[in-house]
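> Work out the full structure: start from the sequences and follow the hints.
The listed protein sequences correspond, in order, to chains A and B.
Position 477, counted from 1, in the first sequence is what full-length UniProt numbering calls 477; the numbers after and before it change by one each time, with no gaps.
Position 57, counted from 1, in the second sequence is what full-length UniProt numbering calls 57; the numbers after and before it change by one each time, with no gaps.
Because the hints were derived from the structure by calculation, they are not lab data.
Treat each hint with caution, since some may be false.
Reference listing, derived: stretches of chain B covered by chain A, where coverage requires no fewer than 3 residues with Cβ under 8 Å from a Cβ of chain A [stated by the list, open to error]:
| no. | region |
| --- | --- |
| 1 | 31-41 |
| 2 | 120-130 |
| 3 | 196-208 |
| 4 | 230-236 |
| 5 | 241-249 |
| 6 | 279-292 |
| 7 | 445-457 |
Everything numeric in this text was worked out from a predicted model, so none of it was measured.
Where is the CB? At the ideal position from N, CA and C, for every residue including glycine.
Protein chains: 2
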Amino acid sequence: MGSLADGTGNNYEFTLNALDPEEFRRQGHRIIDFLADYYRDIEKYPVRSQVEPGYLHKLLPDSAPNHPEPIQTILQDVETHIIPGITHWQSPNYFAYFPSSGSIAGFLGEMLSTGFNVVGFNWLSSPAATELETIVMDWLGKMLKLPNCFLFSGNGGGVLQGTTCEAILCTLIASRDRMLNKIGWENIGKLVVYGSDQTHCALQKGARIAGIHPNNFRPVSTSRLTAFGLSPDSLRSAILADLEARLVPLFLCATIGTTSSTAVDPIGPLCDVAKEFGIWVHVDAAYAGSACICPEYRHFMDGVENANSFSLNAHKWFFTTLDCCCLWVKDPSALIKALSTNPDYLRNNATETNTVVDYKDWQITLSRRFRAMKLWLVLRSYGVTNLRNFLRTHVKMAKHFEGLVIMDKRFEIVVPTTFAMVCFRLLPPPVTVHANELNQRFLESMNSSGRVYMTHAEVGGVYMIRFAVGATLTEERHVIAAWKVAQEHAGIVLTTC
Amino acid sequence: MGSLADGTGNNYEFTLNALDPEEFRRQGHRIIDFLADYYRDIEKYPVRSQVEPGYLHKLLPDSAPNHPEPIQTILQDVETHIIPGITHWQSPNYFAYFPSSGSIAGFLGEMLSTGFNVVGFNWLSSPAATELETIVMDWLGKMLKLPNCFLFSGNGGGVLQGTTCEAILCTLIASRDRMLNKIGWENIGKLVVYGSDQTHCALQKGARIAGIHPNNFRPVSTSRLTAFGLSPDSLRSAILADLEARLVPLFLCATIGTTSSTAVDPIGPLCDVAKEFGIWVHVDAAYAGSACICPEYRHFMDGVENANSFSLNAHKWFFTTLDCCCLWVKDPSALIKALSTNPDYLRNNATETNTVVDYKDWQITLSRRFRAMKLWLVLRSYGVTNLRNFLRTHVKMAKHFEGLVIMDKRFEIVVPTTFAMVCFRLLPPPVTVHANELNQRFLESMNSSGRVYMTHAEVGGVYMIRFAVGATLTEERHVIAAWKVAQEHAGIVLTTC
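Written out as C-alpha cells, the structure is:
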C-alpha cells in the first residue's frame with residue numbers, strides 16, 4: 001500500500017506489488033490447474049474455432065479498465081470468450097498445417113525463461129542464456145549428425161531464432177553483404193535468389209525485405225517427375241540464364257520437407273551446382289529436420305556438408321513450444337559482419353576480449369529471450385531415444401492413415417507419405433464436379449464439424465488435403481476416428497455433388 | 001507405454017505421454033514453487049552474474065542424454081549451474097540498461113499463451129489471438145491518447161512485434177516499397193534514412209537489412225544545447241544536402257527517451273520538416289512511451305498525429321514479459337503491401353472476404369505467438385490507474401536518487417532526470433585520472449560487488465553511469481541501499497586513483 005502525488009494535486013492509492021512471491025505462487029498454481037484442465041478437456045472443443053469475424057469485439061469492452069480485476073474474473077473470460085475463438089493446435093484431433101507440438105518439458109522451460117525474464121542480447125547480459133544456447137545447439141547438431149563444421153566445436157555454430165523466416169533472412173543478409181562487399185553495393189539490383197516453386201513463402205518475403213529486386217527471385221519449377229523436389233539441372237539452367245543476363249547468382253534455399261507435400265530437394269547434388277557458382281546454400285528443414293535425428297531419415301540430409309547453413313523448427317515437430325527455430329552456420333563471421341552493432345552503451349570487457357558469443361550479432365533483433373532453456377528441458381526430459389520414438393510413432397500413425405485411405409476406392413493418395421503427413425483427396429465420381437472443388441467442399445465439411453482440423457495445398461494443379469500427424473496428444477485412436485470423420489463427410493459430399 | 005519397430009529390426013520401449021494433463025499439473029506446480037522461491041530469495045544472488053566465459057561448458061555434458069532425466073534433477077542443475085550464470089534482471093537491485101519489468105499478470109499471460117501454443121499467423125489459425133490483439137492495441141492506444149487514425153477504430157491499427165528492431169524494420173520496409181514503387185527499384189541505392197546520433201542502433205541495423213546503402217544512413221549530430229534531442233533545423237540541413245546530391249530522403253526515426261540518456265526528440269517540429277519532404281516518420285518510444293499513459297508525460301508525444309508510426313516496448317517498462325513491442329501505424333496497407341504473402345496453403349474464406357486482419361502481413365515472420373494474452377492480463381490485472389502509479393513510483397524513486405547524488409559534492413548529474421533514469425558520474429579530484437576512466441573503474445567496482453547492477457553510456461564525450469529504476473520488485477529501500485553502494489565504492493575508487 002502506498003500513496004503518491006502526480007504533481008497535479010491528486011493523490012493515488014495503490015495496493016499491488018506486481019511481483020510479490022506469495023501472490024505469484026497463488027496465482028501461478030491457479031493457472032497451472034486451469035491449463036491442466038484445458039488439456040484434460042481439450043477434446044470437447046471444436047478443433048477449428050467456429051466463431052465469426054468480429055465475435056470478440058462484441059464481447060469485450062472498448063477500453064482498458066481503470067481498476068484491477070481479479071484473476072478469477074479474467075480466467076472466466078478466457079473460458080467463455082477466448083477459448084471458443086481458439087483453434088486448438090494442441091488437440092489430439094488437430095491435423096492441420098504442420099504441428100505446433102507442445103510438451104510438458106517445453107512448457108516448463110518456457111516458464112523458467114519467462115520467470116527469469118532476462119534479455120540475453122550479449123554474453124554479459126546473462127551469461128547462462130548464451131552459454132546454454134551454444135551447448136544445446138551443439139547437442140542437437142550432434143543428434144542430427146551435422147558435420148562438425150556447423151558446430152561450435154568445429155568453428156561453426158548454432159543460434160536460436162524465432163522462426164525460419166528469420167533464419168532465412170539472416171543467412172540471406174550474410175550472403176548478400178559478403179557479395180556486395182566484393183562487387184559493390186551499387187550492384188544490389190543484380191543479385192538473384194533461388195528456390196523451387198515449392199519453397200516456403202518465407203524465401204520470397206525474405207528476399208524482398210533484403211532489398212533483392214522483385215524480378216530477381218527465381219522459384220524454379222518442379223513437377224511430379226521429381227516428386228516436387230528441385231532438380232539440379234533446372235537450377236543450373238536458371239543460373240546460366242541469369243549469368244547470361246549479367247546478373248549475380250547469390251543464394252539458394254533448398255528444402256527438406258516442403259510445406260505443401262513434404263517434398264525433399266536433393267541436398268548433395270544441389271550443393272554441387274551451387275558450389276560451382278559460389279552460391280550460399282541454406283537448407284530449410286523446418287518441418288522434417290526433426291525426423292533426421294532418426295538414423296533411418298538421416299540420409300535426407302546427405303550432402304549438407306557442402307551447404308552454408310541449416311535450420312529446423314523445434315516448435316513444429318520437436319516438442320518445444322513456439323517459437324524456437326534452430327539455425328546452424330558454418331561461418332558465423334559472415335552473419336556477424338552483416339548483423340553486428342556496437343553502440344557504446346553495450347561496450348563491455350567480455351565482448352572486447354573476443355572470448356564470448358554475443359548473439360545479438362547473429363540475428364535481426366537486439367533483445368532476445370532465453371529460448372535455450374526450453375530446448376534443454378525437452379532434450380533432457382525425454383532423451384534422444386524417446387524423442388526418436390515419438391517421431392516414429394507419428395510416422396507410424398500417418399502410415400496407418402495412408403493405408404486406410406488406400407483401401408477406400410473413393411480416395412487417392414496424391415503423393416506418397418515420407419514423414420508424418422498424408423496428402424490425399426477424394427476422387428470425383430464420373431461426369432460431376434471438378435475434383436478440386438469437390439475436395440474443397442469435402443475439407444470444409446469436415447472442418448465445420450469441429451471433430452477434426454485438416455488443411456489443404458495445391459501441387460501441380462491438384463487440390464489435396466494434408467493430414468499432418470504430430471500433435472503431442474494424438475494417439476492411434478484419434479487417427480482412426482479422423483478417418484471415420486473423413487469417410488462420413490465423403491459420403492455426405494458425394495451424395496450432394 | 002508402447003513399443004515400436006524402426007524398420008531396422010530394433011524394438012524401442014517408451015513410456016511417456018509428453019502432454020499428459022496430470023503429469024503437466026504435477027510438474028507445473030513444482031515449477032511455480034521453484035519460481036516463487038526464486039523471487040523470494042532473489043536478493044541473495046549477485047545482481048550481475050560473476051561467472052567467467054566458458055563456465056557452463058565445464059559443468060554440462062558434451063551431448064544430450066539418451067534417456068529421460070527427472071524434473072528434480074534438472075531443477076537442481078538450474079539452481080547450481082544456471083542461476084549463477086544469470087544476471088538477475090528481476091532483482092530489486094537491478095538498475096542496468098533499461099528494465100525488463102516482469103509481473104505476475106505478464107507471467108500468467110505468457111503461461112496461457114504458451115499453454116494454448118497456437119500459431120496465429122492469420123485470423124483463421126486462431127481467431128481469438130488476432131482479435132484480442134486488435135482490441136488490446138486499441139485499448140493501449142487510447143490510454144496513450146494516440147490519435148484515432150492510429151487505431152483500428154480510425155482505420156489505422158496496432159500489432160504486437162517482438163522488439164523495436166522489428167517495428168523499425170517493418171515500417172522502414174513499408175516506406176521503402178511505397179517509394180520504390182513510385183521511383184523504381186533501380187533507385188534503391190538513393191534512399192536515405194535519418195535519425196540522430198542518439199537513435200538506437202536498431203535503426204542503422206534495420207536500414208542495412210533493408211538494403212539501404214551504408215553511406216545513406218544519416219545519424220544527425222546532437223549536442224548538450226538541445227539536451228541531445230534532434231534539432232529540426234539540423235534535420236532539414238541534412239535533407240537539403242541529400243537532395244542536392246540527388247538522393248531520396250525516405251525515413252526518419254525520432255525517439256522519445258533515448259537509450260543513452262532518455263533524451264526526447266521534438267516530435268511535432270520534426271514531423272513538420274518530414275512532411276514537407278514526404279518522409280515517413282517512425283516514433284520510437286521503446287522505453288519512455290509507457291510513461292505517456294500518465295497525463296503529465298503525454299506532451300512528449302505532441303505532434304504524433306503527423307507521424308506515420310509509433311512504437312513502445314511493453315516488455316521494458318510496462319510489466320509485460322519479454323518480448324512485446326507495440327507498433328501502431330496510420331496506414332496498415334503500406335505494411336501489408338510490403339509484407340504480405342499469399343501461398344496457396346494459407347488460402348481461406350475469411351481472408352478472401354477481406355473482413356479480417358491477417359497479422360502475418362504486418363510483420364517479418366509468418367509464425368507468431370499469442371502475445372496479446374499477456375498484455376491483456378497486465379491491463380486488466382492492474383488497471384490504468386495502478387499502471388500509471390507504478391510508473392510514477394519509479395520516477396519518484398529515480399528523483400530521490402537524483403537528489404541524493406546532487407547532495408554529494410563528489411558527484412554530478414550529467415543530464416537532468418526526465419523519466420526514471422538518472423545519468424550521473426563521479427567527479428575526478430584535481431590533477432588525477434581522466435573522469436571517464438575513473439567512472440569506468442567506479443562502475444566496475446560497484447558491479448563486481450554483486451550488490452547492484454548499473455550500466456554506462458557515453459554522451460557528448462562524457463562517460464556516465466545510468467541508474468535506471470523500473471525492476472518491479474524495487475522499493476525505496478533498494479534505491480537508498482544502491483546509493484550507499486555508490487558512496488562506498490566512490491570512496492574506494494577515489495582513494496586508489
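> Hints first: check each against the structure and report whether it holds.
Comparing the hints with the structure gives:
Against chain A, the region 31-41 of chain B contributes 10 residues with a C-beta closer than 8 Å to a partner C-beta. That satisfies the three-residue criterion, and the hint holds. With 7 residues bearing a CB less than 8 Å from a CB of chain A, the region 120-130 of chain B meets the requirement of three and the coverage assertion stands. Chain A is given as covering the region 196-208 of chain B, and this holds because 6 residues of the stretch bring a CB closer than 8 Å to a CB of that chain, at least three being needed. Look at the region 230-236 of chain B against chain A: 0 of its residues bring a Cβ nearer than 8 Å to a Cβ of that chain, fewer than three, so the hint is violated.
For the region 241-249 of chain B, the assignment as covered by chain A is violated, since 0 residues bring a beta-carbon within under 8 Å of that chain's beta-carbons and 3 are needed. With 0 residues having a Cβ less than 8 Å from any Cβ of chain A, the region 279-292 of chain B misses the three-residue criterion, and the hint is violated. Under the rule that three or more residues need a Cβ within less than 8 Å of chain A, the assignment of the region 445-457 of chain B holds, with 3 such residues.
When each numbered hint is compared with the structure, violations occur for hints 4, 5 and 6.
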